[in-house]
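Could you build the full structure based on these sequences and the hints that come with them?
Protein chains in written order, with the numbering used here: chain A, 1 to 496; chain B, 1 to 328; chain C, 1 to 117; chain D, 1 to 110; chain E, 1 to 90; chain F, 1 to 152; chain G, 1 to 485.
Among the hints, a few may not be true.
[Said to hold, decoys possible] The calculated lysine to aspartate or glutamate pairs, modelled on DMTMM-like cross-linking and capped at a C-alpha distance of 25 Å, are:
hint, chain 1, residue 1, chain 2, residue 2
1, G, Lys155, G, Glu104
2, A, Lys305, C, Glu103
3, C, Lys117, A, Asp104
4, A, Lys159, C, Glu114
5, A, Lys167, B, Glu79
6, G, Lys151, A, Asp367
7, A, Lys105, A, Asp367
8, A, Lys305, G, Asp153
9, B, Lys294, B, Glu79
10, C, Lys117, B, Glu79
11, A, Lys159, C, Asp116
12, A, Lys159, C, Glu54
13, G, Lys106, A, Glu439
14, A, Lys105, C, Glu103
15, A, Lys375, A, Asp104
16, A, Lys305, A, Asp104
17, A, Lys375, G, Glu198
18, G, Lys103, A, Asp367
These aren't lab readings, by the way, just hints derived from the structure by calculation.
Note that the structure is a prediction, hence the values are computed from the model and not measured.
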Amino acid sequence: MTAFHSHLPVLQVIVPMLTAPLVILLNQKRLPWIVATAASLCAFAIAVTLAMSVMAGQTIQYSLGAWPAPWGIELAVDAFSALMLLVVTGASSVALLAGAQSLDKDIEHHRQPLFYAAWLLALSGLAGILVTADAFNIFVFMEISSLASYVLISGGPDKRALPAVFKYLVMGTIGATFYLIGVGLIYMMTGTLNLADMAFRIEDVADQTPILLAAGFITIGLALKAAIFPLHIWLPNAYTYAPNMVTVFLAACATKVAIYVLLRFDFFVFQPNLVGHDFQFTFFLLPLSLLAILVGSSVAIFEPKLKRLMAWSSVAQIGYITLGASLLSVSGTTASVLHIFNHSLAKGALFLVMACLGMRIAQLRIDNIAGIAQKMPWTMAAFVLAGLSLIGVPGTAGFISKWYLITASFESGAMGIALVVIILISSLMAVVYIWRIVESAYFRQPEEDLVITEAPIPLLLMTWVVVLMNVYFGFAPGVPIELATGAAELLHGQTP
Amino acid sequence: MTVIFGFFLLTLLLITAVAIVQSQNLFVSVMLSGMFSLLLAVNFFLLDAADVALTEAAVGAGISTVLLLSALAITAKHEKAPSSSRVGALIIVIIATLVLIYATLGNPQFADPNAPVHQHVAPWYLDKTAEAIDIPNVVTAVLGSFRGYDTLGEVFVVFTAGIGVLFLLGTQPGPFAQSNPFKLTDPKGLRHYLIPRVVGRMLIPFILLFGLYVQFHGEYGPGGGFQAGALIAAAIILFALLEGENSALKVIPRSVLIGLIAGGALLYGVVGLFGIFLGSNFLDYSVLSSNPVKGQQMGLLIIEAGVGITVTGVLLSIFHAFAARGKF
Amino acid sequence: MELLGLYYYWVFAILLMIGLYAVIVKLNLIKKLIGLSLFQAAVFLLYITMGKLEGGTAPIVTDANANGLFSNPLPQVLILTAIVVGISTMALGLGIVIRIKEEYGTIEEDEIQEIDK
Amino acid sequence: MELFLDIASWILMSLGGVFVFIGGLGALRMPDLYTRMHAAGITDSIAPILIIPGLMLQAGLTLASVKLLAILVFLLLTGPTASNALASAALLAGNRSEQVKSTAVPESEE
Amino acid sequence: MYYVVTFALIITMALALTRAILGPSVYDRVLAVNMLGTKTVLLLSVIAFLMGRPDFLDLALAYALINFIGVFAVLEFFRNRAAKQPEEKP
Amino acid sequence: MLLVTLAAAWILWSGFFKPLLLGLGIFSCFLTYVVVKRMGYFNDQFFALHFSFRLIGFWLWLGREVIRSSIDVARIVLSPSLPISPRVIEIKVTAQHPVDQVILANSITLTPGTLALDLHNGVIKVHALTEAGATDLLSGEMDKRVAQLSKN
Amino acid sequence: MTIALSFLIPIVGALLILAASRVSDNLREGVTLATAVALAINVWSLIPELMSGGRPELQLFEILPGIDFGFQIEPLGMLFAALASGLWIVNSIYSIGYMRANKENKQTRFYVFFALSITATIGIAFSANLFTLFLFYEVLTLCTYPLVSHKGDAKTIRSARIYLGVLLTTSIGLLLPAILWTYFVAGTGDFTPGGILEGNLEGPALGLLLGLFVFGIGKAAVMPVHRWLPAAMVAPTPVSALLHAVAVVKAGVFTVIKVIVYIFGVEHLFAEPSSGWLLYAAAFTVIVASIVALKQTNIKRLLAYSTVAQLSYVVMAAAILKPLAEVGASMHIVAHAFGKITLFFAAGAIYTAAKKTEVWQLKGIGRRMPWTMAAFTIGALSMIGVPPTGGFVSKWFILAGAFESDNYVAIATIIGSTVLNAAYFLPIIFAVWFSREDPEQKLDHGEAPWPMVTALSITAALTIGLFLFNAPLIALESQIVGIVK
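Rendered as structure tokens:
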């Protein structure tokens, strides 16, 4: 490991972060986009390097300011964070590469430098959450990413983006503040902010009321951020009215990062130390996950707006992720982590398709895309494949995580069968809502002659790249599985 | 004894909070929240948190009041009659409060030296500051060096908010600015008011200087980049109030503001990067000079400057952005 | 003394819930933001309270008070950051509210929902 | 000497405290805005004039004294200015707002 | 001895708060806020001595400055509102 | 002139004489100076600092007035019947310079019992709490003293 | 390599069709035919190796531990693949005539998806494990949707939605859990001679799993999941032929047999009483579907219910769980394929030439369309199981199997259904040849276009050929039996 390599964890965060101030100083037409994309790609490259190091068996640690761990802030990259970093930086890079035209359409030119700066900040905030090993530092970066996300979403062309983003802001802030309270209470009882140190020291004071309270606050706060049912109400509108590319980016990773923190805290800090903590999983998280899956899917079935439909589907998919976690087994957590990755792929691709459609059609409603497959065959073909992945058809990435999820459900005994049934029912529901779109696009006659053409090449190209990744990881899921298994074992305290 | 003062002040605080929520008049709410901030700041001061008290005062009583008022000027003064479904929420909230209060019974005793908070990392900071950085203000040392990464994040939070507001409200005047008759008739601030103008003008240089003083004495007393930035911005906002929006923009044009926003953030980051280039970790200032202690002090000075610059730039930008939307 | 100390935490709890109540119940968007800032202020109080040390003084070491008892600097640092986060959020929120007013002509949540229907 | 300074400062500060209280009381008792402002004026003017020198006596010839002096000057400069600003604002709205209507400000004013 | 002053100040603050809550007009509230601000400055000065940290007077100074700006913001706000509702002059 | 005042203020506030801080102090003073210059401080006649010993004398006199009227007002506040008779009067200002006019107005406000409402075209509108206060003011003592301030 | 080619040829063919359609229709159809022939040759070329006991396989990659994506050819799959690829040629010829004569739109889409469906069918036939099979099973469902909904009007789309809904629901809701269960208990899903569940799953659970499989494989149309089949009648006739004879339903019963033989293991299942219900369910379906068919007046709907019955015939044969019956079952796949495709071709020809769709309209039509109706007669006879048709051979084997196990339910069902088949086919045949035409109708049509007639003649010939020259086929199927033993 070279000297430069050892700095990668921090570079992961500060490369996009420090590029942001540069971006707002740029005035040329394309320059902000170019710089932002370059920074994002650079971050992606770093993430890949980190993932390779992690897979080679290292856990990378980094002390900021060279101060030792519980006193200074420490960064740590393990299998879980490496996987998430791949998702986050990958989503950002793809969306930026694909999105130049789409964003030109949504954001006026003179506002673009600010927009791209906010984008980079969102990226660095998310990356910052993932690399840090410090509870308070998570809060700081959570706020960077949240504020930047609010900015990004508010760039949406529809005025309804504004109330949506306001709601998101209020709920997001409540979530973050709850988290802050929880961290404060734990700090009060343990005197430390470092996660590993915390997990170690919490043992002495476990089961005292402040710690229980802290667990509650942290869980609720992060659940708000992660849009876990029934705290998801900010999500559909925020995703619907955001600029298309922003939806691609955020849908693929924003809530997932909150789930990441939640899993970290629950499994790392609370689970080994709190009596009855696993009950809470079984009694709260599990039913809520199931409800999320069913409600999200049902609403999606009847939703006429395409992006909203996708957003509700996200609510359901978040349910899958938490369901896996709530099974409290290594395989369940593996499924959960894996689904984070795979759902990002699938949903990212779907929202990219939405962006493609959005380039050509004003109102993305099911009725408006009747017969569009003739005009935009490549776009809709991509949609079909990505939709299959979302449903979980074998041969796509979505199948792999559902497979793991179902296996994990079976392992959990008699209840498992019921879970499997629900998972399958909801898959069927996914079939229905994906199918409604496919049917409209392929098998209905357009009401009038559509004078539209295929989406712009870069957008289409990136869409297909992601779609093909869905297929690729459906057949060769080795890397994500390895990382996810590593992450799950880590979370359950088993050293691989 | 101070605890008893605290008791009274906290009670006042609670009353204020209830009044804020109860008041239908938004303006009154804003005024009361200014008071709330002051009271809160005094409480912080009583709890030995001088830096926090200064910040809360500068932010809560100063900046946020100004921002809220300018938003009110554009939007509305009164809120509508409340909705009917309040009882449920009230009950939930009361239950939650009781639960929280019950939970506090398990807290460590107030100000107990044996509480975990005072045991683990805190003494280390106190010792290490004297040894490795050698400045009196431990808060600044922790803020700037031991947890400098957090502060970098904080600067970028401010930065994000700044570009966010600029992005939302833009540099162009919005639709309301045109339809606002006042904007066109009198863009000149408080010009006609002789007394405020004269006194204000006399004070502005001193406020500025005081801001810079707070900036550069962050290592010795309460204060630092953020508080200084707020004070300097307040001075210029005062000027804008007295002489009008445009005069203030002439003093510090928008392009300069953008430069300040970006420059301060970059300054911080670049200092951090120097740590890497000079062979240590990110944000390690001790390598900046041959003497590690001197290096730390230098690093702190520069990053505080970065914080101050960004905060000034952002707060002013936000103020101008709001003001441009409707005459404040 | 002990009860007085607890009072700080109680005030935290009550303030927190007052803020939350305002955020939930109030329909006016600016009022929501004010409620949000109360909510955050409660957390500031929590942190600062826990950092207080019996007989301690502000952690600024000068010759005059070198008796070595200082309150915990760490929560103060954290809260400095949190305050900044709070004001940033508030500023952004207000920016959004202004835009909402421009687009909708009102800042009452129910009226906005009515318009969006 | 010590003792004398102490006593002097205690006296000043106590008096200040008394005036502050009276001012507060006045602000509560007075019937309308302008008269209340007079009461508030007590706390704005006489109170700092008494209390801060009292503190200065405690501090002696130190930097703290200088700062106290600066505070005093600021308060004496800003206090009346703020009152005046407020009064003129109230005056501006005077014959519109029923609540501000003073016993002394004639209707035709403005 | 500081305690006496401190208590007097705190009580006056409470009175000011009462006035702020009672109103009746917004100007009364502004007045109360301004009064409270001044009292806070004094209170901080006194507490600084009470706690034996006279070097914290910076805070009081900062308050004095900021409180002043706040009142101006309010004034500007009113002036605006007055101008926004153009009255028919008799 | 301003620079000197600023520098003095810095040193008195700071109290540290390390070279670094002094350097920063000089830097700060110049920065303030530059900003203030950009604000147009030296373009018009509003900004004028003139010190004189008469000012100190005036202050002492003013202080006495403040104490005297404070006691008056305090008595009013404490008396159960609130013996007030508020009225508005107008005073013509003798001094021409705006700064002097402002000093007068603020002095009036500073004295409890009287309150400067408005200063326009050399006329100060004053709200007085009592009849006595009003007549006191109308006697023109304060006006005279302020006018003397700038007479050099 | 040959296996890979089996997939590449139709896929490349589909792309070429797409490309060729830009040039001319003739070229497009030429490409279709060429692809079909190439595929058939390619698939058939594997037969010799298989007959000599080889089991060519192609392992692509491992998706998850224990889950591979790969192919392995065994006799049953070969039979199915050979059948499908062979019939594709005939069907293509027929389609050309049909599509042109009826001036259908979106013909390119039709040919492309047809080719893709064949790809999926080959995939099902060759898959080496449950996972791969499921994958292609779903692909087949999706690829046939555009074919079924070809007309594109509201009614068609509604019916097509039923088609898709039933098939997807059953496959995801039942088949997938069954597969998952299998993987979970056995740790693998590879098709293994003798089954993989022995020792892993016993008792009622086994019966339950069997149920999940049988009903999950909706394409096998065991009642009550047969609803899609009549619904799919809205499709153009070549598509119906594809559904009924070439690919879809055959894929269903094929999968059932394959699962019974290679997953459960015939003997393991035979030893398990809780699996006996399958026979009854199949028998029930046979009888009920035949009775329903009796009441149909629309030719295609009649044929559809006939198919439902015949499919359960296969399932029932498989459920007898005796080697001879298994041979009969696989034989019946072929026999029914030939017979039913002939019938559908004939029905399509009638529609094309005379625009007639109802049974009662057919009086005396044999004189105007002798070739068509002769073929129709042969197909119907095969359905009934009368010599000299292929249907007789398969029924013979099934019956032999039933006797071997003294399974009287099966015997009774076979006899009963034969009677019922005769009851609904013979009157038609009689009316076609011996009734007089309705004089009120103005009749001037002759035979359908020549490609259609050619195609149905070929399939009719094949039906008879199956009776006369079935030795190679039986040899091939005996290989399965050998495995079973």
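Check: Which earlier hints can't be squared with this structure?
Finding: Hints 3, 9, 12, 17, 18 are the ones this structure does not satisfy, whereas the remaining hints hold.
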